[in-house]
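Q: Sequences and hints are given; from them, build the entire structure.
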Amino acid sequence: MAADTPTQSPEPASAAEAERPDLTRETWQIGKVHRKVDAMERMRGVARYTDDLKLPGLLHAKILRSPHAHAKIRRIDASAALALPGVFAVVTGQDFKIPYGVIPWTPDENALAVHKVCHVGDGVAAVAAIDEDTANAALRAIVVDYEPLRAFFDPEEALATRDREHTINPYARKGNLSKHVLLEFGDVDAQIAGAELVVEGEYFFEGTTHGAIEPHCALAQVEPNGVLTVWSATQVSHYLHRELAKVLELPPHRIRVIQPPIGGAFGGKSEPFDLEFCVAKLAIKTGRPVKLLYTREEVFYSHRGRHPMKMKYRTGFTADGKITGVDARTILDGGAYSSFGLVTTYYSGQLLCAPYRFPAYRFDSTRAYTNKPACGPKRGHGSVQPRFALEIQLDKAAVALGIDPIELRRRNDIGADVATVNEFRVGSNGFQECLSRVESASGWRARRPTLPFGQGLGVAGSTYISGTNYPIYPNDMPQAAVQICLDRSGRARVFSGANDIGQGSNTMLAVIVSEELGVPLEDVRVLSADTDLCPVDLGAYSSRITLMVGNACLEAAQRLRRRVCRSVAQRWQIPANRVVLAGRMALDREDPARNVSSAQAFQWAEADHGLLGEVGSYNTPKDRHGDYRGGTIGASPAYSFTAHLAEVDVDTETGVVHVKKIWIAHDCGRALSRKIVEGQIEGSTYMGFGEALMEEHLIDPAHRGVHAGPSFLDYRMPTFLDTPELHAMIVEAPDKNGPYGAKEAGEGPLHSSIPAIANAIYDAVGVRLDRIPFSPPRVLAALRERAQLEEQGLVPAHKPDRRPRSAR
Amino acid sequence: MLRLPQFQVATPTTLAEAVDLLQRNSPGARLISGGTDILPNLKHFLDQPGLLVSLARVAELRRIDRDDRAGRLVLGAGLTLAEIAQHPDVRAYFPSLAKSAGLVAAPTIRNMATLGGNINLDTRCRYVNQTELWRGGIGGGCLKSEGQVCHVVPTGRRCVAAMSSDNVPVLISLGATIHLHGPAGQRALPLADYFHADGLRHTHAAPGEITAAISVPLPTSPRRCDYIKWSVRQSIDFPLVSVALRFDLDADRSDAAITDVSVVAGVLGAKPREVNKLDELVVGRSFADPSVAQIVSEAAYSQCKPLPNVPYDPAYRREMIRVLTRRAIAAMV
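As given, the protein sequences belong to chains A and B, one line each in that order. Sequential numbering from 256 applies to the first sequence in my numbering. Sequential numbering from 331 applies to the second sequence in my numbering.
Because the hints were derived from the structure by calculation, they are not lab data. We put the beta carbon where it would ideally sit given N, CA and C, even for glycine. Zero decoy hints are in this set.
Cβ-to-Cβ under 10 Å is the rule here; a few derived chain B residues that face chain A:
id : residue
1  : Gln336
2  : Pro370
3  : Arg456
4  : Asp643
5  : Ala645
6  : Leu654
With a Cα cut of at most 16 Å, we get these calculated EDC-like pairs of lysine to aspartate or glutamate:
id : chain 1 : residue 1 : chain 2 : residue 2
7  : A       : Lys371    : A       : Asp400
8  : A       : Lys567    : A       : Asp444
9  : A       : Lys309    : A       : Glu387
10 : A       : Lys565    : A       : Glu457
11 : B       : Lys373    : A       : Asp388
12 : B       : Lys373    : A       : Glu387
Facing chain B, according to a computed beta carbon distance under 10 Å, are these residues of chain A, among others:
id : residue
13 : Asp388
14 : Thr909
15 : Val961
16 : Ser966
17 : Phe975
A: See the structure below:
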């Protein structure tokens, strides 16, 4: 993609090339282009996803879902369903009275509704039957007596109601308040009062959902030895394991969770869901394996997508564009349950304090329960929405002060090895280079002043975490662990609890093992996300795996490498540091003609040390966070940085925004596998682009709280034809906390794509889009409003000298 | 995944046999050709036919014949939309049809979907094309499903689900004739007369009648034609408004006089809308006269009133009829 840049991607190394290590290089695998370890099975269609698994005697389960947004359950009569031939069991909320929640402080949902339903689509009962049609027929035969309650679809209305009757969540203790966070750093009011420019804005970020192609699916079986095995399309096997044990009241050692290959997740599978508990319970009840695959509509109602946020920002600036203070008030529309909401509420403020220096900062975030599907984490959890607001605030300041928007951002850059205003320690920081890369690749300086009315360029920047310093449940054990074995045929086996959700984490582990032990990728077997066979990992969220699991893997691999090198060195009677492991060989660095195969080297080491196995683990540094309540939430071992620059063409008669190109420069510390990093940059940017222009996860208050269009026909995500040209550029500012300096790449490059497009629209036609999506009717309305103001002489014409003659 | 209701499938090899099967099993038998419209609707349990009569093996439906003496192109109803879009005669004589067929949904769907299926595409509405759970959620469906009310026009007694075929407006603008085979024999009628304004039953096909072919008169004079589809995405989506345009000219120059004109809009109500009184307004004018685009687009705008039956603001969709019609005409000059 980045063909015109110095970091041009090398072509994938042929097998023969991979065999010939370049001894002048410091590394032989890091930073190369690799074929993903699971690429062939995916591309050939033979990967076995959860729904592809079939077991003898398999039963199929379905969940009955509420048509009401808010109702008490008076009675459930499943007798007619149970009487149907082929129906094996029915479970209801009475079978799952223990509440759960991915955040241990907020267990506020049950696998099935116990006394009330809180949104359309809430699960009420589940059946297991001989086939899917019988299961569906059984659902139709279940009679539920509901007593409808007043439903709340607006978070502020919900918050204004404090009586028990109208409290949505059955476990809520403060009415419909889910979480409130108010944190202040420095004297914000004084800093803003003393500013030479104050920009005030109100922003609204509509909810969006993940849209993974594979719907959630789970399969459970009780093994003959009594162990309950649950296969699930989850990105958090460990948390699922814990919650299953809790809700089913089984000891964890009698539960095994396996994550088969997954068809996308994006945060939508990062907590337990009703189907996992249902198949487990039904398998226990029936003694037969039970499987459940969501319909697409069920995926929409399970949601846990991005929170709608209503944000009010006040930002002070000096005349030369330096931020003096930021004051933010945010309302989060949480839906019926907490999910990760406690963390989201913190993240909506805590993750904003880089890449710009804030001398003073206050954020006041309130999450409300509403009668909608619960919101949770989606790629860029918690900070995509406030980033949208802040980056538009900066653009407004740049316009007001007459400063180039890139220059304004440079002046506010926080730099490397500093503490943020909320006391997070930032290590490496490549933000300046990110800005320079998009600036020069796009031709910003020459083109922006000359683009005609209707066309524009916009810029935005952002930062993101590489994992969170503290695990979801407090403990002193490592956050990540990896076990590696070498065998005498020259192979390596890697056992890791990490969930590969398509982001390529299994490949990342293979690359590290290959780099350290000299065997090519195809000789590394990665076995991941099986709680019986793999060490615990906390899962695929918060962009933690490359840094944390990568470090654990590196530790184990280096321990093995030292043993192998010592054994080879001993036999050659040279110092161990002269032994190089690369290209399926062990070589003498000073005399490469002296070499043996990896298999021989491993055999020598096995003879010397016994079976070659090592473990590595990683725990986070504990000096990265703030010393105040909540000061650990959002602190990370290392931060990535991103700059987006978008080019748009706005049709002033239709309001259609054509995003032509987006240049993205992302500082991932060090690219361990170049193509995967570029893929993550492009994928993230694409996802942000879709949220900017089309996507809307809307619950329809005018129609009793149903989803406005729970299908891929009505929930519009961009197709190939709609997607702009994406120019991904890798920036490398290695961080001492990352393996080989690596930081995250999977979520950061989403954030600033949205405000970059908004700012480009302003540059093109002079209208501010302060709410997403920038749909054609909304853009057209904004254009007409501006034209009216221009006619009345209330605002000057935008780009008056760069309009076509007829339109002047 | 959503399940289909259970049904039997019959696979006749002749039209006569298919007509017979429909008749003997009605009500309760439905036709299936490419299946891209009926199968999703069945997954939503909008109907539960006991028998699907498949037209996949009826070879006579797959013919395409150019009859120069009669001056027409006959397109079998079983041709896929991909075949229509790519056929040299269609591209040469009816470029607007090649365009509309090529804009339906996405390549994989066009490889399955047929011309006959697209002409008989069931009307669509955001309150209908949903699951049983969803329809239960809004209070038990609507006139077109299991309910008693219309959510688009709450006081309305007649269903206003939208005719959403890309090809129907174009074929009407081209003066196409539909050929039907039924229990009472064969008949043909202008495609413009095939539709009527009731979303529950929006065609005049008699019970047991099957669309066998569409014939389109070959142009007898130079012509400019186009098809406009407004949708949010450039692939997959149904049109949210659509307009087919045809201008016949007295010479093959853009400043030639207009001899005949047809403008047909889709996705309003259950019936496509022919913009009328255009003859008196523009016939005789030079096609290059800038007022033509203005007059035609204003006429389309004033006569076409989209409803909130499909997503996106009706006022905006109406505005798109005006803007995109004007632009399309200007671009053809």
